[in-house]
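Protein chains in written order, with the working numbering: chain H, 1 to 143; chain B, 1 to 144.
Careful: at least some of the hints might be erroneous.
[What the hints assert, rightly or not] Below, a sample of chain B positions facing chain H; criterion: calculated Cβ distance under 8 Å: (1) 10; (2) 32; (3) 35; (4) 59; (5) 60; (6) 68; (7) 70; (8) 74; (9) 78; (10) 100; (11) 122; (12) 131; (13) 134; (14) 141; (15) 142.
[To be verified] Only some residues are given here: those of chain H computed to face chain B with a beta carbon under 7 Å: (16) 14; (17) 64; (18) 117; (19) 119.
Just so you know, these hints were derived from the structure itself, not from any lab.
Every residue, glycine too, gets a C-beta built ideally from N, C-alpha and C.
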Amino acid sequence: MHIFSTLFAGLLFGTGLILSGMANPAKVQNFLDLFGTWDPSLAFVMGGAIMVTMPGFWLVQKRATPLFHDVFHLPTRTDFDTRLVVGAATFGIGWGLGGFCPGPALTSLPLAASGTLLFVPAMLVGMMIAKYTAAPLPKTLVT
Amino acid sequence: METDFTPFASLLGGALIGLSAIVLLAAHGRIAGISGIVSRILPPSVDKAGLPQGIIFLIGLLLAAPLWVLVTGAAPVQLVSNNGPLLLIAGLLVGFGSVMGNGCTSGHGVCGISRRSARSLAATMTFMATAFVTVFVLRHVVGG
């Protein structure tokens, strides 16, 4: 049952990405192109997700534990550091350039567009490089 | 290329993504952040305890498009650039940035904001800002 729930969650996530248009990089880039062929659809994706997740998370967290585990694994950090800001800024540049973020890129892998087949391995390498270089940076921004 | 404005499909698709995040939290107490799920099963420091669940979630994610084709009889509409070097650089930046910043569109943008995390809100505003600027430069400065 716990395996099925995880598989179902992945399938639901991928189907949502396809239905919403997030798995189409042209649509993502058009959302980001305010001064060109702007397509506001993606605001509805995030809106739809948060409208469901916000009350859902609140309800779930009224439970003492998740169904199949002893504890909730929730992020506990509340500080702002250089890695958060520089990382997010870097991610945004890549997202704009390719129109893909990690979920849609992986969901698109079986469709085997040549661009996707380049993007996904590069993304995995980028992730590993970030893990190898995870030594903490100074708290102040280095320019 | 212009794309059609699809408020209803996008809202419904977003709701499915939200539902998936609820299933993962309710069943396993985990946040549905794709960059986190993927990076935790990559070297170095593979999270061995979370490895099976991570792989099963990714199998589900990878099954979505084939199942979509099977049910609807058509491939999802998609236009991916065939500019190889651009996509290689984009992939590197997305992978590196999402792990360095501890999250991407799903972990920060959906789950984090739903948890009213100030860190996630800051990250989301940051990556939205650089993405808007990047597409502006790409389409109206370089490619204009």
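Practice item. Could you tell me which of the numbered hints above are not met by this structure, giving the numbers in increasing order? Key: Failing hints, ascending: 7, 8, 14, 15, 17 and 18.
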